[in-house]
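**Q** Protein chains in written order, with our numbering: chain A, 12 to 342; chain B, 12 to 342; chain C, 12 to 342; chain D, 12 to 342.
Think of the hints as simulated: they come from the structure by calculation, not from any bench. Be a bit skeptical, because a hint or two may be false.
What the hints assert, rightly or not - The calculated DMTMM-like cross-link candidates involving lysine to aspartate or glutamate, where the alpha carbons are at most 20 Å apart (straight line), are:
| # | chain 1 | residue 1 | chain 2 | residue 2 |
| --- | --- | --- | --- | --- |
| 1 | D | Lys336 | B | Glu334 |
| 2 | A | Lys251 | B | Asp109 |
| 3 | D | Lys106 | D | Glu287 |
| 4 | C | Lys63 | C | Glu170 |
| 5 | C | Lys339 | A | Glu334 |
| 6 | A | Lys184 | A | Glu287 |
| 7 | B | Lys253 | A | Asp109 |
As the list claims (entries may be wrong) - Computed footprint of chain D on chain A; a stretch qualifies when at least three of its residues, placed anywhere within it, have a C-beta under 8 Å from a C-beta of chain D:
| # | stretch |
| --- | --- |
| 8 | 33-47 |
| 9 | 148-158 |
The structure presented is a predicted model; accordingly, all values stated were derived computationally and were not measured. Quick reminder that beta carbons are idealized off the backbone N, C-alpha and C, glycines included.
There are 4 protein chains.
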Amino acid sequence: MNSFGRLFRVSIFGESHGECVGITIDGCPAGLLLTAEDLLFDLERRKGGIQKGTTPRKEDDYPIFKSGIFNGKTTGFPITILFENNNTRSEDYQKQRDIPRPGHADWVAHQKFGGNEDYRGGGHFSARLTTGLVAAGAIAKKILASINISATIIEVGGETNIEKGLQKAIDTKDSVGGIIECIVTGMPVGIGEPYFDSLESALAHIMFAIPAVKGIEFGAGFKAAKMFGSQHNDAIENIKGKTTTNYAGGIVGGISNGNNLIFRIAIKPTSSTPKEQTSLNWNTEQMEKFSIKGRHDLCVALRAPVIVEAATAIVLLDMILLEQKLPKIIN
Amino acid sequence: MNSFGRLFRVSIFGESHGECVGITIDGCPAGLLLTAEDLLFDLERRKGGIQKGTTPRKEDDYPIFKSGIFNGKTTGFPITILFENNNTRSEDYQKQRDIPRPGHADWVAHQKFGGNEDYRGGGHFSARLTTGLVAAGAIAKKILASINISATIIEVGGETNIEKGLQKAIDTKDSVGGIIECIVTGMPVGIGEPYFDSLESALAHIMFAIPAVKGIEFGAGFKAAKMFGSQHNDAIENIKGKTTTNYAGGIVGGISNGNNLIFRIAIKPTSSTPKEQTSLNWNTEQMEKFSIKGRHDLCVALRAPVIVEAATAIVLLDMILLEQKLPKIIN
Amino acid sequence: MNSFGRLFRVSIFGESHGECVGITIDGCPAGLLLTAEDLLFDLERRKGGIQKGTTPRKEDDYPIFKSGIFNGKTTGFPITILFENNNTRSEDYQKQRDIPRPGHADWVAHQKFGGNEDYRGGGHFSARLTTGLVAAGAIAKKILASINISATIIEVGGETNIEKGLQKAIDTKDSVGGIIECIVTGMPVGIGEPYFDSLESALAHIMFAIPAVKGIEFGAGFKAAKMFGSQHNDAIENIKGKTTTNYAGGIVGGISNGNNLIFRIAIKPTSSTPKEQTSLNWNTEQMEKFSIKGRHDLCVALRAPVIVEAATAIVLLDMILLEQKLPKIIN
Amino acid sequence: MNSFGRLFRVSIFGESHGECVGITIDGCPAGLLLTAEDLLFDLERRKGGIQKGTTPRKEDDYPIFKSGIFNGKTTGFPITILFENNNTRSEDYQKQRDIPRPGHADWVAHQKFGGNEDYRGGGHFSARLTTGLVAAGAIAKKILASINISATIIEVGGETNIEKGLQKAIDTKDSVGGIIECIVTGMPVGIGEPYFDSLESALAHIMFAIPAVKGIEFGAGFKAAKMFGSQHNDAIENIKGKTTTNYAGGIVGGISNGNNLIFRIAIKPTSSTPKEQTSLNWNTEQMEKFSIKGRHDLCVALRAPVIVEAATAIVLLDMILLEQKLPKIIN
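Given the sequences, and given the hints that come with them, work out the whole structure.
**A** Written as structure tokens, this is what we have:
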């Protein structure tokens with residue numbers, strides 16, 4: 012199912028080379044001033060074609076509201092937003108049809124959907140589907156005015172200097188991965204539950220919905236496994252719950268403790284590498300060498316921070332609503 | 012909410028020092044031979060009191076079926092299983108009441124539930140709640156007879172030699188964390204969806220429901236972020252989808268590709284360390300030194316593999332049912 | 012699935028002649044004073060064996076709390092309640108095994124669950140499963156202190172005089188049905204949504220979960236279909252939304268309008284009639300005459316009002332939580 | 012929330028006088044041949060402007076597919092369909108803004124959404140939102156090829172002669188209601204569960220999502236309450252479960268028994284009657300006489316049968332998928 016959330020619920024649809032991609036947002040509180048302008052800043056951050064190392068495919072990504080807005084405000088009913096696909100080159104994909112691209116979903120999609128999948132540009136699997144998520148995230152952020160969500164890329168191709176990591180990809184004519192860190196300040200205490208509704212469960216759930224994500228860790232994360240309890244435990248030092256350290260990443264027992272939320276996301280290298288590769292031609296049943304055509308990011312992680320922020324905002328708003336703590340809408 | 016799953020749904024309840032902990036399993040197919048014996052092997056693996064480094068609290072953990080079984084077989088209706096709490100020492104916790112233990116949920120629980128939480132032994136937050144999960148996992152494993160799920164501890168206290176890592180904890184009188192690796196063989200192709208129903212999303216969701224988990228990575232995981240695309244991409248080499256490498260951990264585009272599922276879990280050191288600690292007494296509003304009483308694991312990771320297996324089995328069965336691929340019940 | 016509700020969620024389990032029936036209530040707010048005493052009044056109303064025309068089977072129906080209560084108050088975690096089955100006569104059902112009782116689920120259960128269903132006393136299909144619902148309803152009513160929910164039986168065996176309708180059943184040695192009317196006063200405005208989350212949808216959904224219910228109508232209901240618009244429309248006469256008439260039953264556009272909620276439920280005659288009946292013996296494949304053994308209600312509708320109230324309270328509390336309008340807990 | 016279904020899930024959006032209304036269908040199996048042509052027959056049946064007694068507003072209601080179709084077939088991913096609103100006269104509604112129309116949601120919407128609701132033509136509350144449902148129903152029907160769903164209007168304005176009932180409305184210059192009967196043949200055995208997932212619960216849930224529905228009854232329905240058990244019980248007469256009578260309407264214990272599904276829906280008279288009415292002007296706080304402008308159906312029940320069929324098909328397909336009984340796609 013292509014939906015997420017219980018009280019603030021997003022549903023995505025569309026294909027990379029179809030007519031459009033889009034999203035429906037259900038449960039958005041009524042009365043929020045909302046225009047395309049509110050979404051453009053974040054949508055721009057997600058776009059390719061501008062930043063070095065991102066896909067040369069250029070799309071306007073201008074949000075077209077189809078419902079849920081009246082007199083410039085949200086009505087409380089579903090908001091459907093479309094983004095047109097205008098700059099597609101589907102012929103690049105038709106030639107490649109019988110050779111499933113390694114790292115991509117071509118082969119599993121073919122097995123699962125019996126050959127009915129739209130394979131052009133990855134179809135529904137394309138990261139282009141995250142456009143809608145970014146729009147929904149911008150709306151959630153606007154509602155969560157007192158909370159600041161900031162994701163940045165902290166490593167590219169194994170280098171903490173982004174520029175250097177990217178140059179490695181350019182030099183080797185290959186693609187690279189990266190690591191995103193997200194920090195949330197202004198967190199209320201008490202968001203999340205132990206077990207299945209833990210804040211970590213919800214955040215991890217949506218983060219792995221972002222294409223190319225292969226790992227997540229909270230606070231000290233994997234390093235916590237190497238620490239002693241006396242080191243890792245964050246001592247509470249005041250009545251507001253402030254801790255002296257924050258190895259827990261702001262979550263204990265699945266519940267936010269009011270300290271900053273901190274987590275990191277591992278993003279694999281773009282599957283579409285410029286390098287020649289080998290894969291099975293499912294028609295001839297022979298291994299074949301081939302090079303990937305189409306326009307691609309050298310490092311998808313570059314465009315991911317704003318998506319991570321959006322996903323975080325969607326989770327937080329949904330869980331804050333579950334806690335009956337909706338912030339007052341301030342226009 | 013304390014439930015997980017859509018077609019095979021588990022709901023946990025109980026408190027560490029209450030009368031019992033338990034689980035209800037809804038959606039279990041009818042006709043499966045099922046007795047307490049089927050659950051005991053895994054329940055035994057979860058128990059403390061036996062293995063070095065685990066809590067001295069000993070509980071029978073004998074499953075008491077309350078519903079859903081008739082003539083030794085599942086009926087297709089909810090299976091409720093109780094586990095009695097017999098070996099509790101609640102007085103250890105009453106003394107400590109005003110000083111929230113670092114790393115534990117004491118403070119957030121107090122804030123969120125207004126002081127109504129059962130604080131004895133962590134109450135509902137206790138890892139004892141995973142007893143039911145292990146029982147449900149054993150049932151799911153029995154149904155998924157052709158799939159093998161195996162989790163092992165691969166690192167304790169930063170050491171790949173488990174014995175050595177544990178000795179570090181004993182020597183320093185501190186607690187340690189660890190890393191669990193889970194490998195699933197016999198995976199069918201096509202389980203999972205892109206985006207919100209990705210297999211990674213579902214697995215990560217339930218893994219972060221296990222107390223003390225702070226990170227998860229699939230296949231190459233965080234190392235993937237340091238690889239080139241040409242290295243990370245797993246080439247498909249035969250018509251069954253077998254790949255030459257398995258950096259993806261058996262999942263592409265959110266969907267199982269038939270290769271082994273591989274993921275790792277980071278587990279933080281037990282919050283209840285024998286070391287003296289400092290925390291705020293919320294009554295006096297002063298920082299206080301204290302030592303944790305009660306009986307605890309030096310390394311909770313030691314008991315976690317069977318819980319990770321159970322959680323994996325629950326996710327896989329649920330998603331296989333979603334794919335309309337329920338294996339034939341073989342008794 | 013045997014669960015209902017999104018924020019106040021109930022899950023029922025158990026069988027008529029198994030060890031117990033029970034319920035888990037998830038999402039109950041913390042801090043509510045709650046003892047068995049709070050449930051006994053409503054549980055008593057549901058019981059057979061007292062009122063004329065109800066089953067001679069007598070059960071204590073004393074609620075045994077297994078979790079979620081601490082120091083006499085709810086903790087915010089799942090409340091599991093068991094009711095023991097002590098007064099069972101399973102041998103009555105074994106004899107009858109091959110002849111599916113008309114009106115009962117015997118035949119469909121056998122088809123659907125492959126013969127694994129617990130057939131004794133209707134197993135999981137038994138109205139005994141509503142015991143848990145009544146308990147959950149009593150809790151919901153306690154929280155919804157400012158709302159009064161009252162269901163009464165207004166017709167038995169086609170007679171508006173209950174005594175007379177029941178006498179008809181006794182005289183003819185047959186079973187009879189009845190009609191229940193439920194009126195809710197003190198309703199807040201704004202509960203429900205248009206379409207799938209309409210208050211009517213939610214109420215109808217849970218009412219048809221009560222065994223033997225075959226119809227529901229709101230306000231004028233089926234009579235509305237015979238009225239003119241100018242008659243049926245309820246004119247708003249003051250700023251609080253009070254209407255001069257209440258043909259809508261307190262719901263317009265799926266949303267409560269603050270007037271009394273009014274609906275009626277049709278309950279079919281007890282399937283277990285004392286009269287001789289004919290059905291197919293699925294073993295011999297011959298039609299056979301037989302009489303139903305076991306102890307049964309002449310009119311199940313007599314015990315239904317408290318179940319209808321409970322179901323109403325569960326829906327209202329859940330939807331009020333969805334509206335972020337939880338009333339303050341008053342102990 | 013504006014979604015329904017678990018495995019075949021529909022989500023509606025749009026407003027009566029906004030740019031469009033629409034639907035997203037998630038969970039539609041891949042490989043179904045699908046074009047606009049497949050939907051037009053049912054969409055035509057829902058339209059106003061043709062049949063006597065229906066609204067003079069004429070809309071093309073031509074389905075515009077935005078996603079989920081590739082090479083003329085469904086892909087297994089969400090299908091979003093838009094229907095443009097071209098023939099709107101919003102000025103009719105602006106004049107009336109301060110006087111909530113009796114029977115309509117004007118007042119509750121205003122209370123609940125703080126004046127942010129799109130009031131033009133009923134906004135999101137408009138029965139125009141059912142256009143998408145009819146489209147989804149046509150798709151579900153195509154998949155359920157072996158099942159026949161047929162709803163007809165059996166009473167208008169209290170008359171079983173439709174023509175006569177409608178003439179009453181015309182003569183009195185008032186609106187009238189009606190009763191729809193739906194019969195499903197070719198039902199598989201075993202669809203539904205006892206309690207919350209009963210087939211009656213699911214059908215009733217979605218039926219009350221259709222604007223103006225105020226009652227539903229299955230089989231004998233409200234008449235069952237006046238019958239004896241020996242009359243109402245449907246005797247099983249052959250090994251396939253055929254019953255001699257069908258007072259149960261094809262459902263026992265919440266589960267389909269393979270006999271025809273039969274239920275009836277009560278539809279209230281159109282709230283927008285041509286007659287002069289009285290209501291409170293919420294601005295002046297005075298009662299005011301007024302006549303409803305805009306274009307309306309004299310009897311909304313006339314256009315409802317195809318919506319009832321669509322809703323039935325959506326429920327049945329969803330529940331058949333839950334039973335893991337998806338029929339083979341036949342193109």
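**Q** Please work out if lysine 63 of chain C and glutamate 170 of chain C have their alpha carbons no farther apart than 20 Å.
**A** holds (16 Å)
**Q** Just to be careful, I want the Cα atoms of lysine 184 of chain A and glutamate 287 of chain A compared with a cutoff of 20 Å; is the pair within it?
**A** holds (10 Å)
**Q** Starting from lysine 339 of chain C, check that the Cα of glutamate 334 of chain A is at most 20 Å away, please.
**A** The given pair, whose Cα atoms are some 14 Å apart, holds under the 20 Å limit.
**Q** Is lysine 106 of chain D within 20 Å of glutamate 287 of chain D, Cα to Cα?
**A** holds (16 Å)
**Q** Lysine 336 of chain D and glutamate 334 of chain B: Cα distance at most 20 Å?
**A** holds (11 Å)
**Q** Within a Cα-Cα threshold of 20 Å, do lysine 251 of chain A and aspartate 109 of chain B meet the stated pairing?
**A** holds (15 Å)
**Q** Are the Cα atoms of lysine 253 of chain B and aspartate 109 of chain A separated by 20 Å or less?
**A** The given pair, whose Cα atoms are some 16 Å apart, holds under the 20 Å limit.
**Q** Between the stretch 33-47 of chain A and chain D, are there enough contacts, at least three residues with CB-CB distance under 8 Å, for the coverage claim to hold?
**A** Three-residue rule met by the stretch 33-47 of chain A, so holds; n is 6.
**Q** Under 8 Å between beta-carbons, do enough residues of the stretch 148-158 of chain A, three at least, approach chain D for the coverage claim to hold?
**A** Not satisfied, violated; 0 residues make the cut.
In summary, the one numbered hint that this structure violates is 9.
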